[in-house]
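Undergrad: Residues per chain, in single letters:
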Amino acid sequence: MGPADRRSDEELVAVCNVGDAHEAARAFESLYRRHRDFVLRVARRFTRDRELALDALQETFAYLLNKFPPAGSGLTLTARLPTLLYPAAKNAAITAARKARRAAGAGDAELDELPAEVPSDAEPIDAALTALSPERREVVTLRFVDDLSLAEIAVALDVPLGTVKSRLHLALKELREDSRIKDLFDP
Amino acid sequence: MDPTAEQPETLPPAIASRLRRLDRAEAIFDPRSDRAVLEAARSYFAARPAAPARRSRWALPLGAAAAVLLAAVLVRPLVFHTPSADDVDGSGRVDVLDVLALARMRAAGGDASGITDTRIEELAYRIVALDSARRAP
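From first to last, the protein sequence lines are chains X and B. One point on numbering: in our numbering, the residue at position 55 of the first sequence is 72, and numbering is uninterrupted. One point on numbering: in our numbering, the residue at position 72 of the second sequence is 87, and numbering is uninterrupted.
It should be emphasised that the hints constitute simulated quantities derived from the structure, not laboratory data. The structure displayed is predicted, hence computed values, not measured ones. Glycine included, every Cβ here is placed at the ideal spot set by N, Cα and C. A few of these clues could be false.
To be verified - Residues from chain X that face chain B, not an exhaustive set, calculated with beta carbons under 8 Å: (1) F45; (2) R62; (3) D143; (4) F202.
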């Protein structure tokens, strides 16, 4: 693998839209390498399974590939690429998890929510984080792990900006009031 | 406090750091995924017709030839059913996901899979032809 591509996502997307085969494939590879870990993180959040997350990763980039001509009409970025990749990765992960559960004879309960991972010996921080509702934890994760702005989170989740602000505010309030980690907020 | 007002919402470093550690992706990364995705992309873009050249005195005759070709492509799906062998992922439709499925099988099995670059590229070409036919007015 060579040095990181210095072109912006917008420039790479433009090459994927109209570049020749070699240029477009190289631009797509740069997009893939730049956003792979983000997509994989998102997929893992919703599957909690390595193989399913890897399947979702591939499905997500196939979805992106399909946006470019000739199958797609071309892509114009109106927001950062992660806001487009997030819902695609989330849906691919949920679909993969649902298929796996059906194959195992289990139901579909709550697969569209961010599953909590609570080990029995969970640290206080883990316990407090997993106690958040899936919607609030999703916003906290997008903000503080994925570094998306509030406006970008609104686009990624397809909800109003006010909803994002409200969820984040209430999540932080809940964490601040959690007796297990209260001292971390007021050292 | 008005939750919709602009405000810097922050998380204590210890909590943010713990959240990031819980969410690491590196541990599950698999290079076979890279190969499958990038091979599907190469085949897909290789199957794409070149961008139209500058208009020349050949534009009209070439346009007429293209129209004849397009008509042939439009008629073809009506005459021939989509070959089921191309529906690699068994989804009931032939699309770029089948190219990915084939590339994935090759990435997993290597040469022993019996899947060649040519086969993947041929499938990508057929998908591009099908898509062009679907999109034609």
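Undergrad: Against each hint, give a clear statement of whether it holds in the structure.
TA: Checked hints:
{"no.": "1", "hint": "F45", "result": "holds, 4 Å"}
{"no.": "2", "hint": "R62", "result": "holds, 7 Å"}
{"no.": "3", "hint": "D143", "result": "holds, 7 Å"}
{"no.": "4", "hint": "F202", "result": "holds, 6 Å"}
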